[in-house]
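S.K.: In case you want the letters, here they are:
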Amino acid sequence: EAGVTQFPSHSVIEKGQTVTLRCDPISGHDNLYWYRRVMGKEIKFLLHFVKESKQDESGMPNNRFLAERTGGTYSTLKVQPAELEDSGVYFCASSLSGGRSGELFFGEGSRLTVL
Amino acid sequence: GNSVTQMEGPVTLSEEAFLTINCTYTATGYPSLFWYVQYPGEGLQLLLKATKADDKGSNKGFEATYRKETTSFHLEKGSVQVSDSAVYFCASWMDSSYKLIFGSGTRLLVRP
Numbered sequence: 060e061a062g063v064t065q066f067p068s069h070s071v072i073e074k075g076q077t078v079t080l081r082c083d084p085i086s087g088h089d090n091l092y093w094y095r096r097v098m099g100k101e102i103k104f105l106l107h108f109v110k111e112s113k114q115d116e117s118g119m120p121n122n123r124f125l126a127e128r129t130g131g132t133y134s135t136l137k138v139q140p141a142e143l144e145d146s147g148v149y150f151c152a153s154s155l156s157g158g159r160s161g162e163l164f165f166g167e168g169s170r171l172t173v174l
Numbered sequence: 016g017n018s019v020t021q022m023e024g025p026v027t028l029s030e031e032a033f034l035t036i037n038c039t040y041t042a043t044g045y046p047s048l049f050w051y052v053q054y055p056g057e058g059l060q061l062l063l064k065a066t067k068a069d070d071k072g073s074n075k076g077f078e079a080t081y082r083k084e085t086t087s088f089h090l091e092k093g094s095v096q097v098s099d100s101a102v103y104f105c106a107s108w109m110d111s112s113y114k115l116i117f118g119s120g121t122r123l124l125v126r127p
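Chains as they are written, first to last, in the working numbering: chain R, 60 to 174; chain V, 16 to 127.
Excised from the complex, chain V in its bound form:
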């Protein structure tokens, strides 16, 4: 079946540090891949997406590249800010099932 695995947190960084949150997927086909973010006290919101191999999604300084050969979609940011503190969820979508499959979430805490 389809599944998503992401690194466990919490991840604690100092402001302006480089961020990587690993995400790998298993799927019977070629899913679309997403990163969702949940800021404190808010609902999940879409951060970025990629729909096919080698696509790069980007938003708010975050990037992730769809790597078919490694079945990965790692989230990166070159310089994190305190306001990036949140829980980040990797997710996959197959049109055949019409639902999102989520990873377990990674909490990021950025200290000033």
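If we strip away everything but chain R, and leave its shape as in the complex, we get:
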């Protein structure tokens, strides 16, 4: 069974440009999460989808970030326009509905570098 996959693994862009990160969760997982780790600090929650609906987006830093999950399958996270402080590693995770709480399956992360 394929795990959570994320694209790209690394993206280098200039300030003001746009980047779109993609996450393909494990098939059948209704819950999809986005997290971010900046500069070796804690991994911070960004948002949570249940199927195609945003269950909790309290961690989204500002309106430059837009997450979508059309059709309840893969998800995209767009940063537009990117700023220097957006640099970090963006993790996606998925889990089953009714699955064991807290047991999330993570992708390898997408490293974003904004110059």
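Derived from the structure by calculation, the hints contain no laboratory data.
From a predicted model like this one, the values you see are computed outputs, not experimental measurements.
All C-beta atoms, glycine included, are put in the ideal place defined by N, C-alpha and C.
Keep in mind that the hints are not guaranteed to be accurate.
Claimed, not checked - Listed next, with one range per pair, are the computed distances between beta-carbon atoms:
| id | chain 1 | residue 1 | chain 2 | residue 2 | range |
| --- | --- | --- | --- | --- | --- |
| 1 | R | Gln139 | V | Gln96 | 42 to 50 Å |
| 2 | R | Thr135 | V | Ser29 | 42 to 50 Å |
| 3 | R | Asn121 | V | Ala32 | 26 to 34 Å |
| 4 | R | Ser68 | V | Gly93 | 31 to 39 Å |
| 5 | R | Gly87 | V | Thr66 | 18 to 26 Å |
| 6 | V | Ser94 | R | Gly99 | 41 to 49 Å |
Chain R is already provided as a structure; the job is to place chain V on it using the hints.
M.R.: The following block gives chain V in isolation, referenced to the frame of chain R:
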């Protein structure tokens, strides 16, 4: 609010040394507690968990005990191996919020 604090790294040990990585939490209720590990070039993966006070989670020789009185969930291993070199994250989960709250991570480097 809920938060997790863990010791800063890096922690550098020789092979077969004893490992402790401290983790404490704050929560308005009784969270489930987790240790996740990220090996080089891989995603985070669950290492062990405990869902209530005095529970002990264990896996791959690692152990952690949920201590309500000290709000702690310290990770221990009696004899580390080079292959244990990774970044370790302590995390808490509240069913009321349905999300993991992570600590800042502790990098472990084990030398032969």
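S.K.: None of the hints should be skipped; say for each whether it holds.
M.R.: Taking the hints in turn, this is what the structure says about them:
With their beta carbons about 45 Å apart, glutamine 139(R) and glutamine 96(V) fall inside the hinted range of 42 to 50 Å. A hinted range of 42 to 50 Å holds for the C-beta pair threonine 135(R) and serine 29(V), which are about 45 Å apart. About 44 Å separates the C-beta atoms of asparagine 121(R) and alanine 32(V), a value inconsistent with the hinted range of 26 to 34 Å. At roughly 35 Å, the beta carbons of serine 68(R) and glycine 93(V) sit within the given window of 31 to 39 Å.
One distance hint, 18 to 26 Å for the beta-carbon pair glycine 87(R) and threonine 66(V), holds here, with the actual separation near 24 Å. Distance hint check: the CB atoms of serine 94(V) and glycine 99(R) are about 27 Å apart, inconsistent with the given range 41 to 49 Å.
The structure fails to meet hints 3, 6 from the earlier list, while all remaining hints are met.
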